[in-house]
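Q: Given the sequences, and given the hints that come with them, work out the whole structure.
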Amino acid sequence: MSIEFISIIVLFASFFTLLLLKVPVAYSIGISTTLSLLLNIDNMPGITTIAQRMTTGIDSFALLAIPFFILAGEIMKSGGIANRLINFAKSLVSSLPGGLAYVNVLASMLFGAISGSALAAASAIGSIMTDRMEEEGYPRTLSASVNITASTTGLLIPPSNILIVYALASGGTASVAALFIAGYLPGILLGFAIMGYVAFIAISKGYARGKRATLFEVWTFFRKAFFSLLLLVIVVGGIVAGIFTATEASVIAVLYAAILSLVYGDMKVKDFSGVLLSSAKTTAVVMFLICTSMAMSWLFSFEGIPEMISSFLLEQLNNKFAIFLAINLILLIIGTFMDMTPAVLIFTPIFLPVVTTLGMDPVHFGIVIVLNLCIGICTPPVGTLLFVGSGVAKVSVTQVIRPLLPFLAIMVIVLMLISYIPEISMFLPNLFGLK
Amino acid sequence: MSRSELVFNKVNRLLELFMIIIFALLVLDVLFQVFSRYILGTSFTWTEEFARFSLIWMTILGAAYLNGKREHLSMDFLYQKFSDTNKRKASILIEVLVFLFALIIMVIGGLNLVYTTLHLEQLSGTLRIPLGYVYAIMPFSGFLIMCFSIYHISNIYKNKINN
Amino acid sequence: KKKDGTKVLYLGHTLPQTHPVHKGILEFQKALETKSNGTLKVKIFPDAQLGSEREVLELLQIGSVAATKVSAATLSNFVPEYHILGIPYLFRDKNHQFEVLEGDIGKSILEKGSKFWLRGLCYYDAGSRSFYTSNKAIRTPDDLKGLKIRVMNNQMAINMVNSMGGSATPLAYGELYTAIQQGVVDGAENNPPSFVSSNHYEISKYYTLDQHSSVPDVLLIGTKYWDKLSDEEKIWVQEAADESSQAQKKFWNDSVEESMKIAQEAGVEIIIPEKSLFAEKSKSVVEEFVKEFPEMANIVNQIKK
Ligand code: NA
Ligand code: NA
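Chains as they are written, first to last, in our numbering: chain A, 429 to 863; chain B, 82 to 244; chain C, 185 to 489.
Among these hints, one or two may not hold up.
[Said to hold, decoys possible] Which residues of chain B face chain C? A partial, calculated answer using Cβ under 8 Å: (1) T123; (2) E129; (3) T197; (4) T198; (5) L201; (6) L204; (7) G206; (8) N236.
It is worth saying that the hints were derived from the structure and are not from the lab.
Don't be surprised by glycine CBs; every beta carbon is placed ideally from N, CA and C.
A: As structure tokens, this is what we get:
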């Protein structure tokens, strides 16, 4: 057996063993990288290289958007934005059959879109909506399923931190601006698909429809939600119109959210240190994962692992559709037990060369991998969004699984559409000439 | 409260303070960069480098803080099924592995990195500060992580942690 | 790095495989393998697979990567003498440039790196850098007024653009395409092959050939790796580098010609300005440099005379 092959076995075997033993993911990545690299390089240069990759791996101005969007989301979470968005969504869609369920979908989408965090959306909207929906006879488990799956759209609709992480993992072949624009249609498509299934349930179960809102009411609630929604326009509009870069947009989002919550009286100045601390903690969780992942992806390059996997896949399945399918299946399996950020960081460098060889655009693949892993965060055994969503709905994870399954099936169908129809993702970036 | 607990809490408070300060500076720095570029029409060359280095410090210091609080992302679906004694054994093993990683990579590897860049006088592009200072956060945080691991192991032995 | 008696030299750089400097490095690989009868192999990692220029230089010092190719501009943060090569309008023309680089001055700069564990092997031609802009044409230095020009994060490059009247904006290279397209910056500066390979020519209307600086690329080997080579192997490595350096000049010229054709066909207006106007404006940069590094004034004067 060649030393390259042994190093790959050592890398993956130790990584998964450590992961199962509940060693923190960042350390599992770091330790397995160390074991594998030391098979190839002398001890001192080896460990120093890993230390260097861990620091230089996050030495990037583009990555600053991550803490800033986290902070902006955190500021908005502590504010009254959730209520304003729910009221606005209600005035738009509650008169449809099963009205409140659409309100839940739309509010989760809007909150996810603005905060850039599916977890924030699930906890902010889910806690309010499950109670309201229960009053109208919806089972809490159904509300939770709707809320959990609809919240994932916020990861596709910009701003989105996971797309920034992907841009980094793609080695700069996909720009943050292009990925942001590309995420719109897939995110909205997913939202509509969920609404479509909700309509099916609502009609077959005869759930109540709400009172139709007058135009004046729509206008009133729109006005109240206006400044929250304006954030989306400022951030994404600013990036597309070329007023600022993604990182600059993220810090503008912080400033805007801070001013908004001060003006609305949702927050006081003294609350900010607490918000800074909790955002710094979230940032450290994500960024330290990036540190060790960057060391691992350096090891990948050094040992030529992406080329090996790439040539294996290309030789074994010399068919574009089969390879896309295989990659999607592998990612779906990985997503069941691995969180999104490490999965994007580890598997992008491995699969991206394969799909680009087959003519797939790196921006398109970014949307596919993120949507794929969105399904993963809704499934057991490791599903952060599933845990948070069922937690705020006060139902157990096992209770949610049955009503959740059809929603997951909808997500898989949308994933297939988005994998095989590149235009859904690439139409807008091509229109704006972004890459 | 035991003395080690007092020290532990004190260190945590200090780390929290540092993280809040670094994050606040980071926000102000990038806001200033945007402000100077769009309102003043000039750009200062140091703002970008300062922001990048602050992010490195906040992340790696934050990693040590998370170790203290045991709040790193981990996957416990198999661990949940362990018996209590096995959970204790696994917890100790985790802390030992984290300790070794911190010692070997962050402290020894990190110190060699700091030594190399300081010895060879490498300066950053615009702030012109020795890069060794930026890298110094690595061995520093590594040392903190080692201390936290020892603290947690001693607590597991004292049965204070039962998860 | 030993397998069955052969040694593998890991070489990482940041250029794409179509780049003329990468082709020069391939010549180095070929020459070294021939000279050593296959006992010294070179494994090349292009496209920044092992990290940015600065990061790979550190890896040479650390000892995990053997060799690299970087711009002399990046190298100046490690070995101050390379700052000299970034001085605007330092050389009269290409002949003058290579006379200096291949002469005693160039060789002594290459050797200065050994003190910093980075031994220079040879220079590669990286042409001259010129301004390109998306909307506003630069015909004289006055046209630079108020224009945001992206530069490398390097003090001399910043001073140079500012001295000419522009507003230097250091920005990561990866963000540059979008930044030009969206008007975050008005333009940037680079040599013709990079102007084309980065696709920036698609979004630039003007290319002003003011040729303000001629910073060469440098092939380097870490002393940690070098010191482990036998005397015979050292000679092979140096000879292979020298041969590749000669071959690379032709690749460069071909690529410049081809790039200019592509840019022109895409509708980029090529402007040939009066270079002396730009040179005059940038004199303050040289003065500032000599003030900061008085010990290097001598070398600058020697080159300029
Ligand atoms: Na979003
Ligand atoms: Na999962």
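Q: Indicate, hint by hint, whether the structure satisfies it.
A: Do the hints match the structure? See the list:
1. The interface hint given for B/T123 holds, since its Cβ lies 6 Å from the closest Cβ of chain C, which is under the 8 Å cut-off.
2. Taken as an interface hint, B/E129 checks out: its beta carbon lies about 6 Å from the nearest beta carbon of chain C, inside 8 Å.
3. Residue-level restraint check for B/T197 holds (minimum Cβ-Cβ distance to chain C is 5 Å; threshold 8 Å).
4. A hinted interface residue such as B/T198 counts as satisfied when its beta carbon comes closer than 8 Å to some beta carbon of chain C; here the least separation is about 7 Å, so the hint holds.
5. Because the closest C-beta pair between B/L201 and chain C is about 5 Å apart, less than 8 Å, the hint holds.
6. Given hint, B/L204 at the interface with chain C, holds; its Cβ is 6 Å from that chain's nearest Cβ, closer than 8 Å.
7. With 8 Å as the threshold, the beta carbon of B/G206 comes within range of chain C, its nearest partner Cβ sitting at about 4 Å, so the hint holds.
8. Annotation: interface hint on B/N236 violated; nearest CB of chain C at approximately 37 Å, more than 8 Å.
Hint 8 from the earlier list is the only one contradicted by this structure; the remaining hints agree with it.
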